[in-house]
Amino acid sequence: MSVLDFFIRKRSAPVARERLQLLLAHEHVLNGRSDLAALLQEEILAVISKHIKIDRDKVNVKLDRGAQVSTLEIDIEMPENVVAPD
Amino acid sequence: MSKVLVVTSGKGGVGKTTSSASLGAALAKAGQNVVVVDFDVGLRNLDLVMGAERRVVFDLVNVVQGDAKLAQALIRDKRIETLSILPASQTRDKDALTEEGVERIIGELREKFDWIICDSPAGIEKGAMMAMRFADVAVVVTNPEISSVRDSDRIIGMLDSKTRHAETGGKLEKHLLLTRYDPARAARGEMLKVEDVLEILAIPLLGIVPESTEVLTASNLGCPVTLNNPESAPARAYVEAARRLLGEKVEVTTPVERRGLMSRLFGKKALA
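Chains as they are written, first to last, in my numbering: chain A, 191 to 276; chain B, 3 to 274.
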């Protein structure tokens with residue numbers, strides 16, 4: 191722990207929020223309240239975050255269900271300077 | 003027209019009974035005819051929180067099973083004439099409640115009261131199911147804490163699938179009541195913010211009840227906080243929530259405790 195860490199306490203609420211969002215997306219699928227787009231978004235974000243640091247809003251998943259064709263659109267905006275997550 | 007309102011949460015200890023008593027008292031004070039029904043068979047506490055523990059003769063199970071008439075089991079509040087409670091049984095278990103019996107009693111209560119507030123037990127078993135089964139309105143009590151939010155999400159799923167309204171395509175209004183909220187800690191990033199909880203649970207906000215010592219004081223005395231100290235921050239939050247239930251447009255704010263000079267100088271901690 192550096193001296194700086196001692197003065198700047200890590201904010202825990204954003205961690206709580208992310209954990210909840212991921213967990214609930216999973217549970218909704220298990221309970222048949224699936225929001226597939228949300229689940230995919232969380233999982234894709236989790237996978238990318240393992241390798242590079244990316245903002246939540248840079249990953250967009252859109253699911254369009256049509257009568258004939260359904261489309262899944264995944265839009266990931268890469269950061270300019272790829273940084274490994276800490 | 004009468005409304006059946008369930009106060010539910012999934013998780014225990016988040017403030018269901020406190021909220022049932024406080025909202026019930028606030029609605030009654032606004033001139034509504036209100037009964038608060040304790041569905042926590044085996045672990046009744048509403049009577050204690052409302053200061054009626056020594057007046058219980060008959061209870062919900064006695065009425066469900068036909069051993070007593072509804073009028074014999076209802077206890078009229080000594081402070082507000084239009085407020086009554088129907089206590090749960092302390093010696094039975096939740097299986098003593100049958101769907102037919104509960105439906106019959108809710109029907110009888112609808113004839114006498116404007117609001118039938120069902121104080122749900124914790125959990126997702128029979129008692130909680132019976133409390134929500136015939137609801138027109140649901141108040142989901144949530145603390146800004148991960149396990150409470152997760153359980154509330156589960157309960158919202160059940161309100162959408164297991165209630166009579168859900169099964170028959172009727173309309174069940176759902177509201178979020180955020181309790182034990184500490185604005186200072188949320189601002190420091192130590193507690194989930196109101197917006198975080200709202201985004202995750204995605205139901206409209208009925209009110210924000212701040213963490214306050216007044217809630218324990220009120221329960222110690224057996225008096226709903228809305229009656230015990232109407233000027234306190236939690237009481238104002240509950241009164242505003244009750245006005246919203248009555249259809250008034252009241253902007254949602256986080257009431258804060260007003261502190262005197264002495265407590266400001268010598269108080270240990272700010273009461274948010």
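Where hints are given, some of them may not hold.
To be verified - Each computed SDA-like pair below joins lysine to any residue, with the alpha-carbon atoms no more than 20 Å apart:
1) A:K200 <-> B:D184
2) B:K13 <-> B:K173
3) B:K195 <-> A:K252
4) B:K173 <-> B:T93
5) B:K13 <-> A:S260
6) B:K13 <-> B:I205
To be verified - Computed beta-carbon distance windows for the label pairs:
7) B:L200 <-> A:D254: 21 to 29 Å
8) B:L200 <-> A:L220: 20 to 28 Å
9) B:E105 <-> A:M268: 54 to 62 Å
10) B:G172 <-> A:A274: 20 to 28 Å
11) A:L262 <-> B:G14: 14 to 22 Å
12) A:K243 <-> B:E105: 50 to 58 Å
Quick caveat, the hints were computed from the structure, so don't treat them as lab data. Glycine included, every Cβ here is placed at the ideal spot set by N, Cα and C.
Consistency of the hints with the structure:
1. A:K200 <-> B:D184: Within the cut-off at roughly 18 Å; holds.
2. B:K13 <-> B:K173: The given pair, whose Cα atoms are some 25 Å apart, is violated under the 20 Å limit.
3. B:K195 <-> A:K252: The hint is violated at about 27 Å.
4. B:K173 <-> B:T93: violated, 35 Å
5. B:K13 <-> A:S260: violated, 39 Å
6. B:K13 <-> B:I205: With Cα atoms ~18 Å apart, B:K13 and B:I205 stay inside 20 Å; holds.
7. B:L200 <-> A:D254: 21 to 29 Å: holds, 26 Å
8. B:L200 <-> A:L220: 20 to 28 Å: Roughly 23 Å apart at Cβ, these two residues keep to the hinted range, so it holds.
9. B:E105 <-> A:M268: 54 to 62 Å: Distance hint for B:E105, A:M268 holds at roughly 58 Å.
10. B:G172 <-> A:A274: 20 to 28 Å: violated, 53 Å
11. A:L262 <-> B:G14: 14 to 22 Å: This hint is violated: roughly 41 Å between Cβ atoms.
12. A:K243 <-> B:E105: 50 to 58 Å: holds, 56 Å
Checked against the numbered hints above, the structure violates hints 2, 3, 4, 5, 10, 11; every other hint is satisfied.
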